[in-house]
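Based on these hints, arrange chain B on the given structure of chain A.
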Amino acid sequence: MMAEAFAAQDTLPGNKTCNDAVLALENEDIGYTDFTALKQVSLAIKPGEKVALIGPSGAGKTTLLRRLFQLNPGRCAFVHQHYALVSGLSVFHNIYMGRLDRISVFENIRNLALPSKRRVREIRPIARSLGLEEKLFSRTGALSGGQQQRVGIGRALYRGGDILMADEPVASLDRVRQAQIMSLMTGTDKTVVSSLHAVELARQFFHRIVALKNRTVMFDLPVEQVSEERLQALYN
Amino acid sequence: MQRTSILFCLVAAVAWVFADISVSTLDPWQELGQMARGLVAPDFFSLPGLGRALVNTLSFALIGMTAAVALGAVLSQFFYLAPVRLFCAFIRAVHELFWAFIFMPVIGLNSLCGILAIALPYAGVLAKVYAEIRQEADPAPAQALPPGTGRITAFVYATLPQIYPALKTYTAYRFECALRSSAILGFIGLPTLGYHLETAFREGNYHEAAALLYIFYLVILSLRFWARAKIIILPILAALFLTAWDTAFSLENTVRFFTYDILPWPMRAQGFYEGTRAIAFDPGSIFSWAGQVFSSQALPGIWHTLLLTQIALVLTAVFTLAVFAPASRTFFSSRVTRPVHLALVILRTTPEYILAYAGLLLWGPSMLPAIVALFLHNGGILAYLTARNTDLMALPFDAPVKRINRYFYEVLPRCYGGFLAFLFYRWEIIMRESAILGILGITTLGHYIDSAIAKDHLDTALFLILITAAMNMGVDTLSQHIRARLKISAHVTGVPGG
Chain A
29 MMAEAFAAQD
39 TLPGNKTCND
49 AVLALENEDI
59 GYTDFTALKQ
69 VSLAIKPGEK
79 VALIGPSGAG
89 KTTLLRRLFQ
99 LNPGRCAFVH
109 QHYALVSGLS
119 VFHNIYMGRL
129 DRISVFENIR
139 NLALPSKRRV
149 REIRPIARSL
159 GLEEKLFSRT
169 GALSGGQQQR
179 VGIGRALYRG
189 GDILMADEPV
199 ASLDRVRQAQ
209 IMSLMTGTDK
219 TVVSSLHAVE
229 LARQFFHRIV
239 ALKNRTVMFD
249 LPVEQVSEER
259 LQALYN
Chain B
10 MQRTSILFCL
20 VAAVAWVFAD
30 ISVSTLDPWQ
40 ELGQMARGLV
50 APDFFSLPGL
60 GRALVNTLSF
70 ALIGMTAAVA
80 LGAVLSQFFY
90 LAPVRLFCAF
100 IRAVHELFWA
110 FIFMPVIGLN
120 SLCGILAIAL
130 PYAGVLAKVY
140 AEIRQEADPA
150 PAQALPPGTG
160 RITAFVYATL
170 PQIYPALKTY
180 TAYRFECALR
190 SSAILGFIGL
200 PTLGYHLETA
210 FREGNYHEAA
220 ALLYIFYLVI
230 LSLRFWARAK
240 IIILPILAAL
250 FLTAWDTAFS
260 LENTVRFFTY
270 DILPWPMRAQ
280 GFYEGTRAIA
290 FDPGSIFSWA
300 GQVFSSQALP
310 GIWHTLLLTQ
320 IALVLTAVFT
330 LAVFAPASRT
340 FFSSRVTRPV
350 HLALVILRTT
360 PEYILAYAGL
370 LLWGPSMLPA
380 IVALFLHNGG
390 ILAYLTARNT
400 DLMALPFDAP
410 VKRINRYFYE
420 VLPRCYGGFL
430 AFLFYRWEII
440 MRESAILGIL
450 GITTLGHYID
460 SAIAKDHLDT
470 ALFLILITAA
480 MNMGVDTLSQ
490 HIRARLKISA
500 HVTGVPGG
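Just so you know, the protein sequences line up as chains A and B, in that order.
Just so you know, we're using the numbering used here here: the first sequence kicks off at 29 and counts up by one.
Just so you know, we're using the numbering used here here: the second sequence kicks off at 10 and counts up by one.
If you are wondering where the hints come from, they were derived from the structure by calculation, not from laboratory data.
Take these hints with a grain of salt, some might be off.
30 Å max Cα-Cα, derived DSSO-like pairs, lysine-lysine [claimed, not checked]:
{"no.": "1", "chain 1": "B", "residue 1": "Lys411", "chain 2": "A", "residue 2": "Lys163"}
{"no.": "2", "chain 1": "B", "residue 1": "Lys496", "chain 2": "B", "residue 2": "Lys177"}
{"no.": "3", "chain 1": "B", "residue 1": "Lys411", "chain 2": "A", "residue 2": "Lys145"}
{"no.": "4", "chain 1": "A", "residue 1": "Lys67", "chain 2": "A", "residue 2": "Lys241"}
Next comes chain B alone, as it looks inside the complex:
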């Protein structure tokens, strides 16, 4: 474990040398002061269209999540099949925002686009986690059923009752994530809270931005009152009723998208100029096109995504190890742990995209805002979980009184394995987000994808999205491999993924 940790630290140190980290704004403190003033004096009264944005944020998340639960539940039943596992790995490796980019040209910037962008990746995550939870269930009750009992009957009677609480907890956590995703979809133009947030940020109107952020926190806080299994059907029905279903879906567009728009440019070029839309197939020119996109866009994108991921991963670890102690009752009284908990919950609730956006306004375009956003958000989650695990630890009554001895000898050696497992679970998530934060201008893969979409180069965008997905799947596999080799695991239900 130590060797792995040191290796990752070295990699991050090398990455730091190559990363572009700078502060380019003239007066970051003044900007920070303005943000602070906004946070202190939020302006709730000049938000046009807020009601609609709120309804959309909630309904995209609700309907998207409902679809994801249904699809995920079905897929999890077939998770033992390698193609299903691969399919799930793929759909969750593509970020919500990238899915939205893919659906946009087919169905337009509307509710269905937002809902599908959430439903697909979340179905992939849920399928995997549902299957993992199911694996941990006791097989004895199912084996004790009369021979010949059907698969579904056996599952419903012998397995589901055991794992229901875990499924519910994880689904609830994921729903909170879906709300974050839904809000963030506004940043690329869908009509959710993020749309207004982006406008407010761009105009430097921090009073409005703060108000929107507070409204989002309130939504998350209110979850415990209405996002309950017994009554969740009511909000879902309301969402179905209130959503504007004005899709511009046309079969012709869809077919064109899949059979024409996304084909590599050399296949379309000649027909495009002649106006015939004829498709040519010349492997040589396709390869040279792919090679060109790869070397001029994918490679620099991959390189910067990797740099950002590895730096953010190690700083997340450092932040977690520094902050979990003051959040734990093993070290401090509730007078200290309560405010720290609150701060961690705020970090966890605030999407990294928003943190990065704020950082960008503060420090100007470099990797710095993204690094800080990633380690604050992910570190907030990990510190919270590690503190919770520490609180459950039974220390001997004669354990060292001095906190620093207690930390290094009693607590850290006991919680380090679990902490690393959590961290490696988040590795893939940090990489997904690293790619996405490129949309904000850092030259990770998201930047090149965003530029390609802006230029209507759908072929390039799709090619780069596939590369991003392949990278995420690679890191996911590597993370599983490392966790298995180090023999560390974290209980699935205790591990919120991004």
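Same shape as in the complex, but just chain A:
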């Protein structure tokens, strides 16, 4: 059900015919002005590829995702780790915010005061697929952590684009929901790059695992080649 909503929202021109990487970094140091968070990263992600980023906390997963997003913000949608939601606004508005840059300022402001039928029609199915339909016009701040996480995913879905990035998108969901949401996020032909805490989810839903440790890429392998020893080394 969600996959439909997902596909329906995919309004941006995709890049499916191109065989080259949709996202690529070459020997890049990533960091803030005075501090390098990641050293000499080379990464090429092909269209439709599902890439999981794993590694101990503080390894630079968020930094890498952020850098990848900036390579092509117009085509990417981003699910934030700490939701980045505006708690004073309704679920509808928070999802709507995914397209603020594509809708006219006039309509944005009008929708803030009075949501248009058209936008509600667009957003309601997304909210339904995430189990948020009854909460569509509730204040987002009043929702549980898991519900808020789903609102963040809803925003990314509404934004569309052919690249979906997510920073720990299912961290605050229960196991059943985790699998549901992950399968829906990875169940289309979109390119997906997501950081994950749980290695099992990475194995289950992704093609490729990029592991970060000590401010650099430790390994970058197809899921089948990621052995227990490698994971042991990564987390110890």
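Just chain B, lined up with the frame of chain A:
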């Protein structure tokens, strides 16, 4: 929150219909041009008695504030007692200028009058804020002390060290306010900067007025160099030494004031005409006197004070919401925010009384100058605070690039609650000032109080001051109630009161 906001806007719109708003001067632009010329070419060299006025302004504020801190600190320790809270609410509900009106007949127009006029209301404010700051302190250290530790010991060891920085910040802010109050006391005749400012304004000498204003700004700017906790004792000692302590205090006068002058006229009338100063007590005639004062002076005064307050409150909100964005780095680079900040600091530093006085010269007597003065001064403070809060906000890195989307979707919904809390904190202050601006001729309560003082009707003046205080206390309570219902709060230390 939206519903409350809309309700207040509607009330203000209705108030606007009833308010007297007009421009009655022949050529406001010419007057504005002259003011601008004064601001560009201040005249620092023909200010007789300026040194004395400066010393008085500083020393009234310093000594008044010292007394207020001492009294406020003691009162805050007993703030859990309802009578103490009520007492504090009352003394801060009466404006500095009204306190000066009350002390004037007892001790004369002198230093002590100015100092007490500042010390009392400020003690009331400080007691409340000190108590609020204390409430926010972590109680665990105090609970961990050995059983039987004395109250004061416990406070000094476990609570004071936690809250000291907040107390210091707030006290410093209040001291800046005390300097404004001290300067303004000159407008009713005390020998501070306001006295000369009033003269210069009245004579249309804007070159001198500008010079005085600039000197006042310099004093405020210089605070950071000498108003420091470690060395503040030196300026205080200097103030005690330099103040002219020529009070005309007499016990007889004081007793007479409290036991005779302020009694309702019907109690004194007969004795007055017979020359015996006998006091009669006839409830019927007292009631009819009170009813008469109430209907002919208090009611119109209350009505106009309310109109002015509600209009100024909503315009303060509008001004704040429009101006905080260009003052915030979330929206603009420092090339824009710096000059806007400077303008806001100037608005905050300039007392609304002076803004209103200038507006009166520009536009003539109506509510317009008071409205503009109130929303500029209060909006300046609120815009500054809201911009500061916005700068502390962590927005996601993919937040909208377009400023207007960013403003309405990311920033405004996040800062609106805090903004409303600030605004409701200022509601009481705006009402206090609305009443006071009546002294300038708008028919708010201050106008009737000023007229009663001028006619030496101390009984009427006191009656009206009590009504004004009751209104302020009412608004204060209502504001607390609304903030609690909307579940909004602003950190006490971040909320400068007027």
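Hints, verified against the model:
1. Lys411(B) with Lys163(A): This hinted pair holds, its Cα atoms lying about 28 Å apart.
2. Lys496(B) with Lys177(B): At roughly 27 Å apart (the allowed maximum being 30 Å), Lys177(B) and Lys496(B) satisfy the hint.
3. Lys411(B) with Lys145(A): holds, 24 Å
4. Lys67(A) with Lys241(A): holds, 11 Å
Comparing the model with each earlier hint shows no violations; every hint is respected.
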